[in-house]
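Student: One letter stands for each residue in the lines below.
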Amino acid sequence: AQSVAQPEDQVNVAEGNPLTVKCTYSVSGNPYLFWYVQYPNRGLQFLLKYITGDNLVKGSYGFEAEFNKSQTSFHLKKPSALVSDSALYFCAVNTGFQKLVFGTGTRLLVSP
Amino acid sequence: DTAVSQTPKYLVTQMGNDKSIKCEQNLGHDTMYWYKQDSKKFLKIMFSYNNKELIINETVPNRFSPKSPDKAHLNLHINSLELGDSAVYFCASSQEGARGSYEQYFGPGTRLTVT
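Protein sequences appear in the order of chains A and B. With our numbering applied, the first sequence corresponds to residues -16 to 95, in that order. With our numbering applied, the second sequence corresponds to residues 176 to 290, in that order.
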């Protein structure tokens, strides 16, 4: 079965420090990978995606992610975290026919 | 200009009742979805419609019935509500792309509480 795993329930980082939220995937064939963010009591917002091409993908709010085929990973990164980045982050993979399978989510807490 | 809207935002009802949640998108997308997010924030797809045609139907109890009157609307009707149906339900939409290369846009969610 095609899936993504987010091994960390929570990531804590100080404001101004770089952040990484981890995601690994398990799919047959070439994956379409996505990152979404959910702020409290809100719907999910699209951040970025990898479909093909350059392994480093840039997205909204200064976030980027690196697709690593050999390690089957798609980690989300930001060079300098903001307190306002605190939210729930979901990695997702499209398994075909536009069906998204989400990871369990990682709560990011950025302290001032 | 709300891209994907849902009504109501909150829904509190008793076991056994029937309720509906409405969703509308003004993005011109061909595909719409319903997701369920449980209390642990786990998100799972329930249904997907493309141009009013059902294309994804996960293992959801048949008490749940989606209806798509046109490609801009996808409603969710739930019969005989149970305690376990309490969750946040999200509607989403996307363009139709090869193998799902397009991102999905989510509504604000409907928090359903069954007492």
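For the record, the hints were derived by calculation from the structure and aren't laboratory data. Please note that the accuracy of each hint is not assured.
As the list claims (entries may be wrong) - Per the computed footprint, the stretches of chain A lying under chain B, defined by three or more beta-carbons under 8 Å from a beta-carbon of chain B, are:
hint, segment
1, 15 to 26
2, 55 to 66
3, 70 to 77
4, 82 to 88
Glycine residues also receive a C-beta, built at the ideal position from the N, C-alpha and C atoms.
Student: Against the structure shown, which of the earlier numbered hints fail to hold, in ascending order?
Tutor: Result: hint 2 breaks, nothing else.
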